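2 protein chains.
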Amino acid sequence: MRNTPSIRGPVVPSRGPLRPLGTDEVRVTGGFWASRQRVNGEQTLAHALEWMDSLGWTANFATVATGSGSRERKGREFSDSEVYKIVEAMSWEHGRSPDSELDARVDALTAAFAAAQAEDGYLSTSFGRDWQRPRHSDLAWGHELYCTGHLVQAAVARTRTAGAGPLLEVARRAADHVCERFQPDGTGVCGHPEIETALVELARLTGEQRYLDQAALFVERRGHRGLPAHEFGWSYFNDDVPVRKATVLRGHAVRSLYLACGAVDVAVETGDDDLLAAVAEQFDRAWARRTYLTGGMGSRHQDEAFGDDFVLPADRAYAETCAGVATVMLAQRLLLATGESRYADVTDRVLHNLIAGAIGDDGRSFFYANTLHQRTPARPWHGGERLDVVGGLRAPWYEVSCCLPNIARLLASLSSYLVTADDTGLRLHQYASCDVETALADGRRVGVEVRTSYPEGGDVAVRVRRGGGRWSITLRVPGWAAGAVLVVGGERRPVAPGDVVVDRDWAVGEEIRLELPMRPRFTWPDPRIDAVRGCVAVERGPVVLCAESLGEHDLDVLRVHTGHEPEQTGDAAVVRARFDVPADASWPYGEPPARPGAAVALRLTPYHRWARRGPSTMRVWLPAD
Amino acid sequence: MRNTPSIRGPVVPSRGPLRPLGTDEVRVTGGFWASRQRVNGEQTLAHALEWMDSLGWTANFATVATGSGSRERKGREFSDSEVYKIVEAMSWEHGRSPDSELDARVDALTAAFAAAQAEDGYLSTSFGRDWQRPRHSDLAWGHELYCTGHLVQAAVARTRTAGAGPLLEVARRAADHVCERFQPDGTGVCGHPEIETALVELARLTGEQRYLDQAALFVERRGHRGLPAHEFGWSYFNDDVPVRKATVLRGHAVRSLYLACGAVDVAVETGDDDLLAAVAEQFDRAWARRTYLTGGMGSRHQDEAFGDDFVLPADRAYAETCAGVATVMLAQRLLLATGESRYADVTDRVLHNLIAGAIGDDGRSFFYANTLHQRTPARPWHGGERLDVVGGLRAPWYEVSCCLPNIARLLASLSSYLVTADDTGLRLHQYASCDVETALADGRRVGVEVRTSYPEGGDVAVRVRRGGGRWSITLRVPGWAAGAVLVVGGERRPVAPGDVVVDRDWAVGEEIRLELPMRPRFTWPDPRIDAVRGCVAVERGPVVLCAESLGEHDLDVLRVHTGHEPEQTGDAAVVRARFDVPADASWPYGEPPARPGAAVALRLTPYHRWARRGPSTMRVWLPAD
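Same order as they appear, the protein sequences are chains A and B.
So in full-length UniProt numbering, the last spot in the first sequence is 625, and the numbers never skip.
So in full-length UniProt numbering, the last spot in the second sequence is 625, and the numbers never skip.
It should be emphasised that the hints constitute simulated quantities derived from the structure, not laboratory data.
Nothing here was measured: the structure is a model prediction, and the numbers come from that model.
Do not take every clue at face value.
[What the hints assert, rightly or not] Derived SDA-like pairs (lysine to any residue); straight-line CA-CA distance at most 20 Å:
{"#": "1", "chain 1": "A", "residue 1": "Lys74", "chain 2": "B", "residue 2": "Ala229"}
{"#": "2", "chain 1": "A", "residue 1": "Lys74", "chain 2": "B", "residue 2": "Glu231"}
{"#": "3", "chain 1": "A", "residue 1": "Lys74", "chain 2": "B", "residue 2": "His230"}
{"#": "4", "chain 1": "B", "residue 1": "Lys74", "chain 2": "B", "residue 2": "Leu55"}
This is chain A alone, in the form it adopts within the complex:
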């Protein structure tokens, strides 16, 4: 089907088996994500702006606009991108929940961007002026095109939620400059992919072929070792192997995932099925071999990179929050391009574990890295010293704070990830209480009301609010939900994981129900994942549970009794366990094992709730007895 470019969502392919619904067509009305969206709008946006104002990142635009080198530019070379990302988040939020203050702030920041933009469209506060390094003199690390990509995405969000205006003009001029500078017979890619997916979306929005062509060029140019050698290797930049020849995501996780997003976008718009298949295979392999149970990607600290297959240490797991956001972005693109609901399973897992865990209850603190094992309680932060990204407590800010605006733009646009339309009706991919209304391909308007306590509960009720007559409602049965039951017209029938299509003559007011089994369950790792051999995790629905200790237990010596299934309690579980008494030897090898402690009932907690009650130790993977 062909889609209109004005759909209110971050990714609107011009064709594909599924049409995304905009944030005006799906409105989250309550539950798990509604409260997070509310906090995002009420707290996170303001918090991020306050920090970026106080650090001088927003003021950089005015600073450089004055043309004076006497006032120092603040922040890292990519700080512009954080401002653009928060403008994108504000745009989605203003679209979701109109707010004149947000609106005015977006306009004011847009004016600052415009003032800092050069006559020829180039826009960066870091490069190009007399007292700065020359434009594009450091493609590997300068992040100029990366920043421009975020500017473009902000403009897309603004245009789709508030109509064309000055931000779109700024972005188009910047994009035009990129196209001219990096034209077909030129060379060069950005060390950090991002411009690719942004340019395709701008092409979708504006209908301008040149943006798509430039994005396709950037995708094809990468992988030929055009960037300078670095100790992390060319794979860090994904510049080691051409995109269509690679077999797995690798290198810097966020770079790799953003590039894959751009490649899918290019493939969809150009009908390049080989490229689409190549990226899907890369993602599928990374998902099968390089992903944490929480959906986190990228295990290495040193280069924020994917490890080799099955190298997934729980302790000091990096699993950057931005990589989680990027995984949701890529999964959505693959879902829209292929119609395969397993990509919605990906989003479900990443959202309910990594993303839900990364942001603090107050919306003003966040994790940069998302470990699966905290051995020692974090020291609370009192300001002053630099924050370690693996501190074990959500921090208000980091020197590099890409993650918070990234979460903010995802949450503000979240409703566009929940439901799509296909040729015959609606497809529900993510379960949240929401009201949905859209026009089907044949022009009929249909609407449903979804009510659920997911992920705490497994009951999903879908009531037809509009659109009597025959059309279909397709429900995703998550991969973990063996034993799910569908109730249609009072009739219960078991449904297997995958898509279940209910294609019938609807009467307005009619309700169907999906019952997902929410028993907590043991989950065993592939034996090739050395780091968690001999351990078991407990999951409940899409939610990974963990053991957390505020000092009452030493989780280093935990042993879980796996002969007894975990029992549900609230939205979590209790397992039978013991705490061993270790042999404290002078050498930790060759000694007899620890003495078994007495049996206890150990209450687990959802992973996304850990470290919310203060410094604690935590483990997702529980040593099995």
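Starting from the known structure of chain A, arrange chain B on it as the hints suggest.
Frame of chain A, contents of chain B only:
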């Protein structure tokens, strides 16, 4: 006892329960270490000099001596230290095996150092000239005092092997400048400890109290967060907690170990038993909780640092070679200060696994990091691109090549680590075929001939060559050697791990024998070491074995049958094992386990021999069935 400062060894405390023997008193005559010493002298020294010449590191001294900024200084800010370290190695080697070429090269380099030295004694090729950063303007990262420390150690080696000369003069002037600049009422420590232990040794050599005082000051000054904050935290520099208050080695492993060496030296020379006890406790705890089976220390890549207790991932284990050298340095100091033979156990383990593994057969290649698990075969290096320090193949050089000259100086002075004298006789700590002769405390000259095939074999024969009459020979029974037998006068008796003293009236020609059990054995990890839970290692004598595959096995799916003890074959072992067939799922969690493969006999190999036949996969820790 009080020792003379002229003993030919790198560490000669003025007092303590043990007196080290010099390289002239203990000569390795054959076997495992003799061949490595020979290759070190014949190949490694020349190889390192060739690289440092070709990279311009040696020429830096002449470059800056001309006073011209027009010629660019080469290498990192600490490259002087590599030149000093190789001069130290050359000095020990010339002492061990006189060589006029080596001698002349040391003199020539010494002349270059002298020419580059400022009038006031300051010596660095990186700082202080018009076109360079000011002296001591970057104590955290500038490495000036670190370099001076290595200069001093080189001068100590040269003086103890060839007598006082111009290198000692250069070093004294540099050390005097350090004492003046960093005098008692001043502040400042170097970001990389090293000067502390060097200054104490210079004090021992020269009898100058000021060097000892300055070293003591540097030790006391550290730990008060005087260095600037860094994202790795103050612990990286060991500047987080005063040395005498810390409870464990932490932060950057080499920095931590070098500092500990200096602290022990200061403690011994000043009679500061509290400081000695504090450092011993820190090392003991690090050995018990933060050390790999190979004796490697420092598990983190990002900051080359110790991880938390029991965080010892085998895969991408960092275990820097320099940290191994530093562990031997510290263990030797603790052995000499305490007389406790468990510190000789430490040296035994580090030497026969980490150090023996780090250097290539040709003496012209080496590991920087020493992983315990290689999942994918390394790509051979063909020049051009930067070498990853965890490449899985020994490389000829790295951008930071501290490790090779560090191994070289250790191997060239190795005989000084084997034997000591105590009040009543000789103590044999490390077993290598060697000839020993020295004077006891009462002036009597005694000598023994040690013949052994250790570590391949467990037989150690000690024949008295000189010194009839009553004196003692003390033999170390390694911690792993339960079931050892001592044969004295034809009589066999079991001896327990620890020291066994044979105190008797010797006749010249008389021989005693120690028989160490060399059956390969399974070794289990402390259950708190998550990374190797469910795995077992195989050791034989002091040697850690490993499974290595050049493609014939997929070690990711190995399972070892632990119901059957490993069987010896040659100097290694065979275990019963199987290779499972993994379930190749789209998601690596929650699936049924792999299908068991057929039983095979798997031949293991000494860890120190891995990656010598080409790119391979390897694992020390073998998943147990």
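Each hint tested on the structure:
| no. | hint | result |
| --- | --- | --- |
| 1 | Lys74/A <-> Ala229/B | holds, 19 Å |
| 2 | Lys74/A <-> Glu231/B | holds, 18 Å |
| 3 | Lys74/A <-> His230/B | holds, 19 Å |
| 4 | Lys74/B <-> Leu55/B | holds, 7 Å |
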